[in-house]
Structure formats: C-alpha cells, structure tokens
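Colleague: Fit chain B to the supplied structure of chain A, relying on the hints for placement.
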Amino acid sequence: MFDAEALIIALTVFVLAIFIGYEVITKVPPTLHTPLMSGSNAISGIVIVGALLVAGQADGLVGQILGAIAVGLAMINVVGGFMVTDRMLKMFRRSGQK
Amino acid sequence: MSTDALFHMNITNVMYIVAAILFIVGLKQLGSPATARNGNRMSSMAMLIAVLATVVGNDIMSWEWIIGGAIVGAAIGAFSARKVAMTEMPQLVAIFNGFGGAASAVIAAGELVRLIDNGADIAEDVSITIMASVIVGGVTLTGSFIAYGKLQGVVPTRPLLLPIRNVINVALLIGMIASTVWLVVDPSMTAFFIAGGIALALGILVVIPIGGADMPVVIALLNSYSGIAGAATGFVLGNNMLIIAGSLVGASGLILTRIMTKAMNRSLANVMLGGFGVEDGAAGSGEEETRPVTSIQPDDAATMLAYAQSVIFVPGYGLAVAQAQHQVRELADLLKEKGISVRYAIHPVAGRMPGHMNVLLAEANVPYDELKDLDEINGEFQRTDVAVVIGANDVTNPSARTDTSSPIYGMPILNVDQAQSVIMMKRGMSSGFAGVQNEMFFLDKTQMLFGDAKDSVEKITSEVKDL
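As you go down the protein sequences, you meet chains A and B in turn.
For the first sequence, the residue numbers in the numbering used here are 1 to 98.
For the second sequence, the residue numbers in the numbering used here are 1 to 467.
The following block holds chain A by itself, in its conformation from the complex (with noise of 0.2 Å):
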C-alpha cells in the first residue's frame, strides 16, 4: 500500500544527495570535464543493482530476459565507463612529468 513514511525517507535521501553532487562536482576544473561525465556514466550504471534485484526475483521466463537486459545495459555503462575515464585520465600528465 501506499506508504507516506518510506516515500519521505527517500526524498530526504534524494535532496541530500543531489546537495553533495552540487557542492563536489562544482569544484571539478573544466580540464576534467569530459572524465566526468564519462565517469559519472560509469556511475549511473548503479542501476545494475535494480537490474539485479528484478532479475534475481523475477518468477517467469519474462522477468528473467527482461532483467537479464537491464544487467547487460548495466554492464555496458559500468565497465565501459569506468575503463575509458581511466583511459583518459592515465594520459593527463604535469609539465616536465614523463
């Protein structure tokens, strides 16, 4: 049923959380911007852990293939994300710095 209390709980986490995105990410130099978003791509692939909660209750052959999706897309995003922002920032490098 409608339940007011767990809806409040996770506004309140959700306001909260997008008060820290703000004040860390304003401080991000414009040099990293493009990191960033690559990293935060990687990031938003935390849906693998919805993904993974339908996929692993799901009772019928259409829920399984469905979640199976999500965690592929999922996937895609985390370990794509994740592997070309290190790819990125492995190549900033300091004046006189080899």
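Keep in mind that the hints are not guaranteed to be accurate.
[As the list claims (entries may be wrong)] Residues of chain B clear of chain A, computed beta-carbon distances all greater than 10 Å:
hint, residue
1, I24
2, S43
3, L92
4, L161
5, G227
6, T233
7, A251
8, R266
9, G318
10, Y368
[To be verified] Derived lysine-lysine pairs resembling BS3-like cross-links, with alpha carbons at most 30 Å apart:
hint, chain 1, residue 1, chain 2, residue 2
11, A, K27, B, K28
12, A, K90, B, K83
13, A, K90, A, K27
14, B, K338, B, K459
15, B, K372, B, K262
16, B, K445, A, K90
17, B, K372, B, K465
18, B, K372, A, K27
19, A, K90, B, K372
20, B, K336, B, K262
21, B, K83, B, K372
22, B, K338, B, K372
23, B, K465, B, K83
24, A, K27, B, K465
25, B, K262, B, K459
26, B, K454, B, K465
27, A, K27, B, K459
28, B, K262, A, K27
29, A, K90, B, K338
30, B, K338, B, K262
31, B, K372, B, K336
32, B, K454, B, K338
FYI, nobody ran anything at the bench for these hints, they're computed from the structure.
Glycine residues also receive a C-beta, built at the ideal position from the N, C-alpha and C atoms.
Modeller: Relative to the frame of chain A, chain B by itself:
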C-alpha cells in the same frame, strides 16, 4: 522476517553506506588531475561493493540469465572503451547515456511484470515511480541515440524543425499524463507500453530540432537524465543506493549543462527550442562578403612564430577534425626549445563536449598546466605576440562584445583580437556554426592561413626547424 534475513539486510545496508561514501570521495578526487585516476578507481570499488551488497542481501533465484547478461554487457563495454578514438568520445558518452536510460526503463518493465503476476494491489506511489522511470529512461534512450547520430553525421546535424512540432509535443505530453493515470487506476502492461512508446517518440522529437554544435549541452543534459532515471528506479525499488548514485550523476549533468549554456550566453530553454543557426545563418549568408583579408604562407607564419616571445594556441573543433593535435604539440615543443612561452587557450564550448579539447591535447602529451581557461588566459592576450587560432571560429569573434544585433552578442569569447598579431588557420572563408561572419578575419593584425590544419602545422614546424 527471520533474524537471518534481517541480518543479511543490515549487512547490505551497511555496505551501501560504504559504497555511497566511496562514490562521493571518488568524485571529490576528480577535483584535481593529480588525484583523479585514484578517484575513478574508488568509484569502481564502490560499484563492486554495491553489487556484492545486493547479491548478499537478496535471494537471487536464478543466475544463468544474470551471468549471461553481465558477460555480454561487460564485453561490449570493455571493447568500446578500448577501441574508441578520443575524437569520438562525445559519441561514446552519448550512447552510454542511452544504454543507462534503457536499463532504467527495462527494470521498470520487469518490476511491473512481477507486480502484476503477483496479483496484489499496486500502490499509487509505486505506479507513479514506475512511470517516471520508464518515461525518463525512454526519453534518454532515443534522445541519446539521435545525439549520437548527429555527432557521427548519420543524422543531419542541422536543426530539423517539424512544422507542427509544438502541437505534437503537447499531444505527447497529454498522452503521457493520461497513460500514467491509467496505470495508477488500473495497472496493465498496455498503459506501460503506451507511456514507453510516447517517451521514445518524445526523445527523438526533443533532440532532432537541436543543431550539431549545441550537442555538448544536449549530452550534458542527457547525462543528467540518465542519473535521474536511475534515481527514479531507486524510488520504484525502494533502494537508497540507486537514489544516491543516481542523484550524484543527475547533479553532475545539470552543473555541466549550466556551464555550457552560460559559455554560449544562451538559456537552456533557448537551446532546447532548437533552430539556432537556421534563421540567423540564412540571413548572414545572404550578403556576399567582399572585404579583403590578408593571407599568409606557412614559411611566413614560421618566421612570425620563431621570433615571438610568447605564443597562445587557440584550438577548436577544427583541430579535432583535422586530427592535428600531435602536430601542434610538436610545434609547441620546438618553440619552447627556443625559449618562447607557449600556452593554450581553451573555451568551455570548444570541441563537441565539455572538456573535449583538454582530453585531445592530453592524448598528444600536452601537459595540463599549459591549458588555460577563458578567465585565466583572457588578460594575457594583450601581452602575447602571436595568437594561433586552429579551427575555432565563433568563440573568437569580437562582435560578441560589440555588435548588439549579432546572434552571438554577449557570449564570453577569447580575447584573441587583443594579441599583437593573429594567425587564423582555416579551410576557407566559411562562417562558424552561428552563421555569423567572424570580424577577426578582417582585422589588420590578422593573417589567414588557408588549408588543412594538420598540413599547415607540419609545414610551419619544418620551416621553424630550418630557421
């Protein structure tokens, strides 16, 4: 709930807190190039912990499908991460955003299937969040694919304006609200599919009228949507981990969107309504340009550079297209050996996504401390002997400061015109994306160097060597 299950649930939640902390600290470390790589590793650790926590705390009934999906996804992700060229980074980010949105929409579908199969009543908040998840996810999916198509040149980059698009958009919005109400009153897959279909159509319609050079804004915004879609999924499943990580991504995308629109002196609404560069461009190209420009050959350009004391390179998207970043770095090294001060001026909207130029130059081994932002470098141009503009146009146009009738009036620009002399490398006399003629071309101090940027820079480099 048995004590055993409760115990597992607590472990899961504690692990989620650890993961959330690691995500936040990881993002914080992205605040400096020196710590950024470590930050990215922390975020990936956080992801691993979040996945393990989920597996520990929940009874996963069948593994075959999950493992199958995970292997395929990981392989695709790893392959594209290794193969992608740095010039194509905007396309990769666009398509990853799309997959993220798709995942959220599919999860919402899976959850609805499960709830309907269970036969129990579905609470209103659950139906609404399911709809939010599929709508944001669907818009992100098709919007990102159109953005990818425009960046790749598969979809026409010019703004496509449908005649009755406002009517269509309003109709789609009404349909969306109606199907949401339907799902809340009487949960069925039909209502879900209608909402999903509308979201997919809306994603296409929202991005197609936006011009190619506005894509940095669109990608940043879709980046934010993919995070918000994730957070919405968190509401569906009552999972704080999803809400926290999704919000972080949502905030990041919104901040970048704002930085981009500010750097173009446009509002987000103005970008999203699209059509920029169509009407204005047509008017601008109406009159034939007859004013004379001074052109220069690579050997003269080499002399100018070799006898300068300070040089600023101003790279734009043209540099990426010509793949000239390595040649530019070689030339810069040569000039530095001669004791000339060399710096790079990077406009926030140079390139096709935020920070794109910085990555391209980092790839060519340009140290990041030589790359200067607009605010850092603008005061330096008047003390600079030669500014070399490579494939940048609108961001150097002085009419943005002076001509109130110009479509780019008010846009912050690099003060290239204040340098003692300017070399502009261009293929031809075409105007920039905004469709306005660049007043820079006609200044007495400006020398035009026509031709392919890579070619020209190579020639200059060999001439400088011979001097």
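Colleague: If a hint holds in the structure, say so; if it does not, say that too.
Modeller: To see whether the hints hold, each was checked on the structure:
With a least beta-carbon separation of about 6 Å from chain A, I24 of chain B fails to lie farther than 10 Å from that chain, contradicting its non-interface assignment. Against the 10 Å criterion, S43 of chain B falls within the reach of chain A, whose nearest CB is about 6 Å from its own CB. Annotated as non-interface, L92 of chain B brings its C-beta within 10 Å of a C-beta of chain A; the closest such distance is 7 Å. Its beta-carbon lying about 28 Å from the closest one in chain A, L161 of chain B satisfies the requirement of being farther than 10 Å from that chain.
At roughly 5 Å from the closest C-beta of chain A, the C-beta of G227 of chain B falls inside 10 Å, breaking its exclusion from the interface. Taking the minimum C-beta to C-beta distance to chain A, about 5 Å, the non-interface status of T233 of chain B is violated against the 10 Å cut. Interface exclusion of A251 of chain B from chain A breaks down, the closest Cβ pair being 3 Å apart, not more than 10 Å. Taking the minimum C-beta to C-beta distance to chain A, about 18 Å, the non-interface status of R266 of chain B holds against the 10 Å cut.
For G318 of chain B, the condition that its CB be more than 10 Å from all CB atoms of chain A holds, with the nearest at approximately 18 Å. A Cβ of chain A approaches the Cβ of Y368 of chain B within 10 Å, the least distance being about 5 Å, so the stated non-interface status is violated. Taken as a hint, the K27 of chain A and K28 of chain B pair is honoured in the structure, with Cα atoms around 8 Å apart against an allowance of 30 Å. Restraint check for K90 of chain A and K83 of chain B: the C-alpha separation of about 16 Å stays at or below 30 Å, so the hint holds.
As the CA atoms of K90 of chain A and K27 of chain A are separated by approximately 20 Å, the hinted pair is consistent with the 30 Å bound. Among the hinted pairs, K338 of chain B with K459 of chain B is consistent with the structure: their alpha-carbon atoms are about 18 Å apart, no more than 30 Å. In summary, the hint linking K372 of chain B to K262 of chain B is supported, as the alpha carbons are separated by about 18 Å, within the 30 Å threshold. Among the hinted pairs, K445 of chain B with K90 of chain A is inconsistent with the structure: their alpha-carbon atoms are about 39 Å apart, more than 30 Å.
Taking the CA atoms of K372 of chain B and K465 of chain B, the gap is near 27 Å; set against the 30 Å cutoff, the hint holds. Of the pairs offered as hints, the one joining K372 of chain B and K27 of chain A holds, with about 16 Å between alpha carbons and a cut-off of 30 Å not exceeded. A threshold of 30 Å between alpha carbons decides the hint, and for K90 of chain A with K372 of chain B the separation of about 20 Å falls inside it, so the pair holds. The hinted pair formed by K336 of chain B and K262 of chain B fails the criterion: a straight-line CA distance of about 34 Å is larger than 30 Å.
Straight-line distance between C-alpha atoms of K83 of chain B and K372 of chain B comes to about 29 Å, which keeps the hinted pair within the 30 Å bound. The hinted pair formed by K338 of chain B and K372 of chain B meets the criterion: a straight-line CA distance of about 21 Å does not exceed 30 Å. Distance check on the hinted pair: K465 of chain B and K83 of chain B sit about 35 Å apart at the alpha-carbon level, beyond 30 Å; violated. Taking the CA atoms of K27 of chain A and K465 of chain B, the gap is near 42 Å; set against the 30 Å cutoff, the hint is violated.
About 37 Å separates the Cα atoms of K262 of chain B and K459 of chain B, which puts this hinted pair outside 30 Å; it is violated. A threshold of 30 Å between alpha carbons decides the hint, and for K454 of chain B with K465 of chain B the separation of about 17 Å falls inside it, so the pair holds. At roughly 40 Å between alpha-carbon atoms, K27 of chain A and K459 of chain B are farther apart than 30 Å, so this suggested pair is violated. Using a Cα cut-off of 30 Å, the hinted pair K262 of chain B and K27 of chain A holds, with the two alpha carbons roughly 17 Å apart.
Among the hinted pairs, K90 of chain A with K338 of chain B is consistent with the structure: their alpha-carbon atoms are about 29 Å apart, no more than 30 Å. With a CA separation close to 38 Å, the supplied pair K338 of chain B and K262 of chain B exceeds the 30 Å bound. Among the hinted pairs, K372 of chain B with K336 of chain B is consistent with the structure: their alpha-carbon atoms are about 17 Å apart, no more than 30 Å. Simply put, K454 of chain B and K338 of chain B have alpha-carbon atoms about 22 Å apart, close enough for the 30 Å limit, and the pair holds.
Consistency with the previously given hints fails for numbers 1, 2, 3, 5, 6, 7, 10, 16, 20, 23, 24, 25, 27 and 30, ordered from lowest to highest.
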